[in-house]
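Going down the list, the protein sequences come from chains A and B. Numbered by the working numbering, the letters in the first sequence go through residues 233 to 721 in order. Numbered by the working numbering, the letters in the second sequence go through residues 6 to 442 in order.
Possibly wrong hints are sitting among the right ones.
What the hints assert, rightly or not - Think about it this way: if two alpha-carbon atoms lie no more than 25 Å apart in a straight line, the pair counts; the simulated SDA-like pairs of lysine to any residue are:
id, chain 1, residue 1, chain 2, residue 2
1, A, K272, B, R28
2, B, K154, A, K565
3, A, K338, B, D73
4, A, K338, B, T89
5, B, K72, A, T266
6, A, K565, B, T345
7, B, K69, A, L264
8, A, K338, B, L46
9, A, K401, A, T487
10, B, K11, A, S630
As the list claims (entries may be wrong) - Not the full set, but computed from the structure, chain B residues with beta-carbon under 7 Å of chain A:
id, residue
11, Q7
12, F10
13, G38
14, L45
15, D48
16, L50
17, G55
18, D73
19, V75
20, S93
21, D96
These are computed hints drawn from the structure, not numbers from a lab. Only a predicted model underlies this, so the values are computations on that prediction, with no experimental measurement involved. C-beta: ideal position from N, C-alpha, C; glycine also.
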Amino acid sequence: MLNLPSPRAEVLDRRQQIARDLRALLGRDDLLITSANELKGYETDGLACYRTVPMLAVLAEDTAQVAAVLRYCHDNEVPVMARGAGTSLAGGALPQQDTVVLGLSKMNEILEVCAENQTARVQAGVTNRNISTAVDDLGLFYAPDPSSQIACTIGGNVAMNSGGAHCLKYGVTTNHILGVTFVTMEGAVVEIGGEAFDLPGYDLLGLIVGAEGQLGVVTEVTVRLMPKPEAARPLLAGFDSALDAGACVAAIMATGRTPVAIEFMDRPAILACERFTGAGYPTDAQALLIIEVEGSEAEIEIELAFVEAMAREHGATSISVAEDIVSAENIWKGRKSAFGAIGQISPDYLCMDGTIPVTKLPDVLEQIYAIGDRYGFEIANIFHAGDGNMHPLIMYDSHQPGVLDRVEDCGAEILCVCVEAGGCITGEHGVGIEKRDHMPLMFSPEDLEQMKALKRGFDPKWLLNGGKVFPLTETGIPAGQIDPTQGLH
Amino acid sequence: MQTFFKDGVERDPATQRSEAIFRSCVHCGLCTGTCPTYQLLGDELDSPRGRIYLLKDMLENDRKPTKDVVEHLDRCLSCLACTTTCPSGVDYMHLIDHGRQVIERDYQRPLPERLYRSFLARVLPRPGLFRWLLRLAPLGAWMRPVLPKALKAALALSPDRLPAPAGTDRPGVHAPAQMNAGGTRGRVALFPGCAQQVLEPEINASTIRLLTRLGYEVEVLAASCCGALTHHMGKATQAEATATQMIDTVLNAHDRAPLDALVITASGCGTTVKDYGAMFQDHPAMKARAKQVAGLAQDITELVTPTDLEASKHQDAMLEGMQVTYHSACSMQHGQKITTAPKTLLRALGAQVREPAEGHLCCGSAGTYNLLQPEIAGQLRDRKLRNIARTEPSLIATGNIGCMKQLEKGVEVPLVHTVQLLDWATGGPRPHQLDGR
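Based on the sequences and whatever the hints tell you, model everything.
Rendered as structure tokens:
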């Protein structure tokens, strides 16, 4: 169990006053949540094993309110955490006891769509999928597609630099963000980027995307839209062993003919997802690859033939191609619901997010299974195989005493394997709370100090989204935070 | 998800079942993406996941419902879009049902609210009383300025024109119009429904004409209400009493001559009747009977097949090429998971069937929801109407009386029940909603 920073007692003591001030600031009652019952609903996100009831929650309706709340929190030294839909698997939206949750889920409007320039300006609380839905008629879509896309917000995607199945071809969030409205901790509203790629000056956008809500709060986003492909078709290839499937992925990627998506599922995942969608996954296979190709009919034919030949060469035991749009949608629905579907076979899971070089897939998979066996946990593997982004899900029952510690140890060993293989601890979910203490696996103290110095530049009082990303000091205070009584930790 | 029920504390069966449901939720949040109230309000607590959390906390701590919890649970439409979305298979329907029952049992609502709720629970399931009160509605229009908000909403929904009661809603047996060599196609029971028979008697009349035309014997039952309305208000005792009556009536008819199906023409009722087994799971004497009736229940669009229709299609081919936008009621698509049958039938009759964008979102009707939460219901209606308008329909079809009443005042094009179209295209009268078009 990770340590959470101890709440600042002097902040908690001012709770009533802070609530009064925020209410006055917002000018109304219904945007401020103060009751214990209701605050409980904001105590966790997609990483439900960590829970802390926040001090207060504000549901902002516009940028001005966000700026006002941040300015107030800055001036009065109140910790604050931005929250989108609360789907983070890394605890990115886990509050602390002394925190004001700043919810952006009411800010869910598509502000402007420019079909000619293929851009859209949206509020941060718009869900990823709703952007694509809004521009579907124009033949456009927003490419990064995290599996939680029906629920997760673009603001959260920016914070975590989210990926998704189709990022193999299209790239991740940072490749699709043109500009943001960014509110600093002091409450200044700053426009960063614009409507075109690569503006002059420092690449501040590159800094903001993936900053995990540590530097400021994004309230509006200008995204790049892409023309929808003429057609797309997923192929299902079943294998007798996860290792064969892994080898097949590495071989396909080595040819340089990159499909739009290569997704991997092992047997537990196949069974859970098939039960939910009935998409026609091969339930007798030990491993499944979903490989999607897109383009004109002619291109699709050629690429499918290539993929099929590669799969057969690597021992595929079954191959089927989606017959129509409905069956293709079902195949993706199954894949994108995979984590949730694991809920049908296990009451709890911890989802890892390590990445590895694709060539190491078979080897790393073998090690993951061995680690799981050693700890006595079943592990379901569902991941973006094409870009080596693993998602081993360690299944457990939270009602077993002390189980979480063992699960986390098991997860830590898996991440070590990923790092040793030349990968990293997080591909797309972010560090959050979950991988905070694993940061030293990858970064030297000097590296971490540079990052902290950057954070202090934006958030000198260390008030934004505390307790995450950087390992805590021995006294339980985020390292790098300036304690007014003791100076720099 | 972990639960924190206290060890050694005796829990009733309903709470034990709810605990198992909490355990199946992994808190992934996908349900928020398709929840209508979360789309509108953007508050975690007005999402399925938030409500699950509120309920969990309340039950774990054996706490009485408080005003804030009740407010968020009341805002739930019970549309069940979340259960369609949920990959973990969380049985949200029974969870929210349980929550509503606990609220009804343990929470004292303010007096006006209490009176209004019991007024609705008394009137709506009684066709005679409901009809009589609707006749007084124009009088109410005079008093509009002084009426409380909720009653204003009720008045706004009352029909401009009240149809005369249909003779076909009286109990009795309708013989098949044609006899096959092997006898009838089957024998089915039809319960005329409560509010539906008052507001749109043509639905049952069409059903009887269609089914007898296809060779079915149709027995119209003496029971009117299935208990869904009161069930969704958490009034368990009242709902069970009504449902018991329904079950007895159906099984009496079944004893007289075996039934092949209990035909349902309001999907809201269908969801509840098909779930009778769960409603009576703690009643040993009723359990098996309830399950039997649930097993007989079929939506009209499940009973009728495309082959049936093609064989009986009228030569004038009324629906050929017609742009029909199909609005799938939540109780149809999420409650009963009937997603393709109605569209397949309409297509078999030549209609060009379209569906509105955001088809998974509720129109705001949701049983008595539009009477109890008029503001949210109104926003959902407007959103639904905008999406429907974009499909440029010449006709809108749906399978639930609640949706029909919720949407009809806001649309220019005729809005009909699916069965009216099936009847018309196989030789029945032109739906009256098309009059003057």
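Hint by hint, here is what the structure shows:
{"no.": "1", "hint": "K272(A) / R28(B)", "in the structure": "holds (17 Å)"}
{"no.": "2", "hint": "K154(B) / K565(A)", "in the structure": "violated (42 Å)"}
{"no.": "3", "hint": "K338(A) / D73(B)", "in the structure": "holds (19 Å)"}
{"no.": "4", "hint": "K338(A) / T89(B)", "in the structure": "holds (23 Å)"}
{"no.": "5", "hint": "K72(B) / T266(A)", "in the structure": "holds (13 Å)"}
{"no.": "6", "hint": "K565(A) / T345(B)", "in the structure": "holds (18 Å)"}
{"no.": "7", "hint": "K69(B) / L264(A)", "in the structure": "holds (23 Å)"}
{"no.": "8", "hint": "K338(A) / L46(B)", "in the structure": "holds (6 Å)"}
{"no.": "9", "hint": "K401(A) / T487(A)", "in the structure": "holds (14 Å)"}
{"no.": "10", "hint": "K11(B) / S630(A)", "in the structure": "holds (15 Å)"}
{"no.": "11", "hint": "Q7", "in the structure": "holds (4 Å)"}
{"no.": "12", "hint": "F10", "in the structure": "violated (10 Å)"}
{"no.": "13", "hint": "G38", "in the structure": "holds (3 Å)"}
{"no.": "14", "hint": "L45", "in the structure": "violated (9 Å)"}
{"no.": "15", "hint": "D48", "in the structure": "holds (6 Å)"}
{"no.": "16", "hint": "L50", "in the structure": "holds (5 Å)"}
{"no.": "17", "hint": "G55", "in the structure": "holds (4 Å)"}
{"no.": "18", "hint": "D73", "in the structure": "holds (5 Å)"}
{"no.": "19", "hint": "V75", "in the structure": "violated (10 Å)"}
{"no.": "20", "hint": "S93", "in the structure": "holds (3 Å)"}
{"no.": "21", "hint": "D96", "in the structure": "violated (12 Å)"}
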